[in-house]
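Sequences listed follow chains A and B, in order.
Going by this note's numbering, the first sequence opens with residue 89, and the numbers climb by one from there.
Going by this note's numbering, the second sequence opens with residue 155, and the numbers climb by one from there.
The hints are simulated quantities; they were obtained by calculation from the structure and are not laboratory data.
All values derive from a computational prediction rather than experimental measurement.
Each residue gets a CB set at the ideal place from its N, CA and C atoms; glycine is no exception.
It cannot be assumed that every hint is accurate.
[Stated by the list, open to error] Label pairs and their calculated CB-CB ranges:
1) A:140 - B:210: 34 to 44 Å
2) B:311 - A:140: 33 to 43 Å
3) A:93 - B:201: 35 to 45 Å
4) A:118 - B:332: 20 to 30 Å
5) B:224 - A:140: 18 to 28 Å
6) B:240 - A:112: 21 to 31 Å
7) A:140 - B:225: 40 to 50 Å
8) B:306 - A:140: 20 to 30 Å
9) B:160 - A:117: 32 to 42 Å
10) B:328 - A:91: 20 to 30 Å
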Amino acid sequence: MIDNKLKTIFATALGIDEAAISDELTYGSIPEWDSTAHMMLVAEIESQYDIMLDTDDIIDMSSPAKAQTIIAKYQD
Amino acid sequence: MSWPASFTRYGVTLKPLTDEMLETVRGWRNDPVIATQMLDKHYITAEEQQQWFARLQCDRSRAYWVAWFKDEPIGVASLVDISLEQGCAAPGMYIYPERYRNNIVPFCVAFALNDVAFEVLKLNLLHGKVYASNPASLRFHLKSGYQVSEIRDDLIYMQLTYADYQTARTPIARFIRY
Chain A
89 MIDNKLKTIF
99 ATALGIDEAA
109 ISDELTYGSI
119 PEWDSTAHMM
129 LVAEIESQYD
139 IMLDTDDIID
149 MSSPAKAQTI
159 IAKYQD
Chain B
155 MSWPASFTRY
165 GVTLKPLTDE
175 MLETVRGWRN
185 DPVIATQMLD
195 KHYITAEEQQ
205 QWFARLQCDR
215 SRAYWVAWFK
225 DEPIGVASLV
235 DISLEQGCAA
245 PGMYIYPERY
255 RNNIVPFCVA
265 FALNDVAFEV
275 LKLNLLHGKV
285 YASNPASLRF
295 HLKSGYQVSE
305 IRDDLIYMQL
315 TYADYQTART
325 PIARFIRY
């Protein structure tokens, strides 16, 4: 389940409606999720959750669900 | 110094294109996912590829590398129209595996290529051009510091100075933590 804070981050970074943020959304599935948007997404996640992601996690962050899992790892 | 030389930075290694990699690169290049983004979209035969590679061997105005990431070849980076006298060139690149196409990896490859151009070859200006119908590429170039110099027909012409590149690189390179 994706929390509302993360939904808002995704919607802002990708420039899409929050209603479009679902477990099925993956990069490559919509044109808005390009490499530039991905970096905006990463910057916003680090800022909002006050974490510093490993580069491999930045690469693996291929869906909101995956992002939620990765963020949880840093909050343990 | 061998031409072109290998270069490693940002977790990426640019290795000069070799005969052994030609068919792999041809397969990538002919895949519609890549070919549709190219100015020249025609299907490249094995013979054409060999002839192109043979001409490349004695041409110091062009350099092609295979980009390696995590011990895997993932794409091609190039500098063409290299003029050491005028200090300019036109970079190009593509990433083939989808899992590396829309995240930080394209920036790693582009930054490594730009560093070769600006730091190794001591160039001072890079030229780029993208289709107006390719907003992802346009955004990528702008995020990398390119400035639009001209729009003609459906092509957008851009330029990148070393200073603009350094300014644009800093906020992205901080996420490359290898």
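Problem - Violating hint indices (sorted, rising) - result: Violated hints (numbers, rising): 3, 6, 7, 8; every other hint is consistent with the structure.
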